[in-house]
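Chain order of the listed sequences is A and B.
Those letters in the first sequence? Residues 1 to 232, by the working numbering.
Those letters in the second sequence? Residues 1 to 240, by the working numbering.
Hints in this document: simulated from the structure, not taken from any laboratory.
From a predicted model like this one, the values you see are computed outputs, not experimental measurements.
We put the CB at the ideal spot given by N, CA and C, even for glycine.
Hints may contain errors.
Quick look at which bits of chain A chain B covers, simulated, 3 or more residues with Cβ under 8 Å [unchecked claim]: (1) 61-71; (2) 75-87; (3) 169-179; (4) 192-198.
Ranges of calculated distance between the beta carbons of each label pair, as one might list FRET restraints [claimed, not checked]: (5) B:A227 with A:A146: 33 to 41 Å; (6) B:L24 with A:L193: 30 to 38 Å; (7) B:R96 with A:T3: 24 to 32 Å; (8) B:M140 with A:R49: 48 to 56 Å; (9) A:R49 with B:C138: 49 to 57 Å.
Straight-line alpha carbon distances no greater than 25 Å define the calculated PhoX-like cross-link-like pairs of lysine-lysine that follow [stated by the list, open to error]: (10) B:K63 with B:K53; (11) B:K63 with A:K151; (12) B:K63 with A:K158.
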Amino acid sequence: METPLQILSKVVPGIISHIPQTLLYWFLPSVLALALGSLLCWARVTNRRNPLYWICTVVISFFRGTPGIVQIYIVFFGLPKLIWAIGYDVSDWTAGVYFIIATTLNLSCFMAETLRGGYLALDRGQVEAGLSIGFSRVQNFVHVIAPQTLKVALLNIKNLEIDVLKDTSVAYTIGAVEIMGYANRMIALRSGLGQLWILGAAAVIYFVMCAVLEIAFNLMVRRISRYEEVAR
Amino acid sequence: MNLDVDFMLSDLPTVFAALPSTLLLSLDSMFWALVFALICGGAQLARIPVLDKVTLVINTFIKGIPLVVQLLFCYYAVPYAVKWFDALVGRTYDPRHLPYFGAAVLALALNFGAYITDVVISSTRAVDRGQWESAYACGMTRFQALRRVVAPQVIVISLPNMTNYFIWLLKGTSLASIVNVTEMLTTARLSASDGYQFLEAYIDAAIIYWIVCAVIEWASGRLYRSAGRYLVAPNGATAQ
Chain A
1 METPLQILSK VVPGIISHIP QTLLYWFLPS VLALALGSLL CWARVTNRRN
51 PLYWICTVVI SFFRGTPGIV QIYIVFFGLP KLIWAIGYDV SDWTAGVYFI
101 IATTLNLSCF MAETLRGGYL ALDRGQVEAG LSIGFSRVQN FVHVIAPQTL
151 KVALLNIKNL EIDVLKDTSV AYTIGAVEIM GYANRMIALR SGLGQLWILG
201 AAAVIYFVMC AVLEIAFNLM VRRISRYEEV AR
Chain B
1 MNLDVDFMLS DLPTVFAALP STLLLSLDSM FWALVFALIC GGAQLARIPV
51 LDKVTLVINT FIKGIPLVVQ LLFCYYAVPY AVKWFDALVG RTYDPRHLPY
101 FGAAVLALAL NFGAYITDVV ISSTRAVDRG QWESAYACGM TRFQALRRVV
151 APQVIVISLP NMTNYFIWLL KGTSLASIVN VTEMLTTARL SASDGYQFLE
201 AYIDAAIIYW IVCAVIEWAS GRLYRSAGRY LVAPNGATAQ
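Let's have the full structure, built from the sequences with the hints guiding it.
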C-alpha cells in the first residue's frame, strides 16, 4: 500500500510537465478570440439594417446559449466532415486543434459582448473630441476608443479568461492531453488507486494558475486605470 | 457534407425526452447552491467570527478550480463516502447502487454556490441602509426587517444575476455526462452510438439547450420588468 506522499511524488512531476499544454490551450484561444471578438463586436455595434448584425446576433446567441462541451463535440465531429466535403483530409489533426477552434469560437462570442458593453459605455464626446483634433478614424480607434473600451471591459475580460483557463480541463473529454488529461490517464493506468490524491493535486495546480492570472489582471487593471487615480 | 438529416429529426424527440432530467439536475443543484450561498453570504454579511473567514477561504478555493475536477472528485469520492456511511450505520456496503446523481448535485451546488454567494452579498449591500433604519423606526425586530423590508428587495435586485448563474448552471449540467449521470447529453450520446451519428445527436442537444436558455432568459426579463417596477435606482430612474 502506497502512502499518499508516494503517490503524489510519482504523479505531480508529470502533472507539472503538462502545464505548458494547458497554458497553450488557454493562450491561443484568448489571443484569437480577442481578434475575432473585436470583429464580431464591430458588427454588433453597426446599424441594425446591416444583415451582418443579425447574423452575428444569432451566432453569438447560439454560442452563449449552448454548453461549451456540446460545442467542442460538434466541432470535433463536424469539422472534419465539413473539411472533407471541401476536399481536404484532416484525419491527422490532434484533438487539441479541435479544442482550440471550439474554444476560440465560444470565447469570441463572449468577448464580443464584453467589448460591446465597454464600447457602449464609452462617452460619445470622446469620439467626437478625437475626430475634432484631426485624428483619422484609425488613429481615433487606436488612441481614443480602444483604450477606453478595454478599461471598462477589462474586469469582465478577467473573469472570462479565468473561466477559459479552467475550462481547458474539458479538453480531455475529446482526448487532448493537458493537466486533466494526464491526471485522468494516470488514474486509469493506476486502476483508480489514489485517484482522490491525484485530482486534489490537479485542483491545487489549477488554483495556483488561476490565482496568478487573477493577480496579473489586477495589476493590468491598476495600470490601465492609472489616470483615473490622478483625477480622483 | 453527409449530415444525416433524417436521423437528426428522428432523434430530436429522444433527446428532448431527457430534458426533464437535465432540468431536475439543474433545479436540484440550484436549490442546494442557494442554501450554500445563503449560509456563506449570511456568515459574511453578519460577520460571524471564524465562520465568515472559513467560508471566504472555501469559496475562493472553489472558484479557482475547474468544475470538471470537482465533478470527478465527488464522483470518485462517492464509494468511499458510502462505504464509510454504511459502516457508520451498520449496513452492508453495496457497490451496485451508488448515488452518482447526488455526487453531481453536490459538485454543481458547491461550484455555483460559491459564485452565488457573491450575488447574495452584493445584492444585500445594494439595498439602501435607510431601508433597515426605517424598518427599525417602525418598531420591527432585525428578523422582521429582513423578512418584510429587505429580503423582498434583495430578491428583485439579484434576479438578473441569479438567472445568469442558473443558465450557467444549466449549461454546466452537461458536464455531468462525464460522471455517469443520465441527462440530455448522455442520452444524445447513447442514442447516437448505434450508427456513430454523434454529430447529428449533439446538434439536436445543442438546439434544445439553445431554446431552453433563450426561454429562461426571456422569462426572467419579463419577470424582472414586472417585479422591478417599484424598484428605484439611486439616480431616481426605475429599472427598465
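Structure-based check of all given hints:
1. 61-71: Coverage by chain B holds for the stretch 61-71 of chain A (10 residues, Cβ < 8 Å).
2. 75-87: Coverage by chain B holds for the stretch 75-87 of chain A (6 residues, Cβ < 8 Å).
3. 169-179: holds (count 4)
4. 192-198: As far as the stretch 192-198 of chain A goes, the hint holds, because 3 residues have Cβ atoms under 8 Å from chain B.
5. B:A227 with A:A146: 33 to 41 Å: 38 Å, holds
6. B:L24 with A:L193: 30 to 38 Å: 34 Å, holds
7. B:R96 with A:T3: 24 to 32 Å: 30 Å, holds
8. B:M140 with A:R49: 48 to 56 Å: At 55 Å between Cβs, range holds.
9. A:R49 with B:C138: 49 to 57 Å: Holds, at about 55 Å.
10. B:K63 with B:K53: 15 Å, holds
11. B:K63 with A:K151: 24 Å, holds
12. B:K63 with A:K158: It holds: about 13 Å lies between the C-alpha atoms, which stays within 25 Å.
Comparing the model with each numbered hint stated earlier shows that all of them hold.
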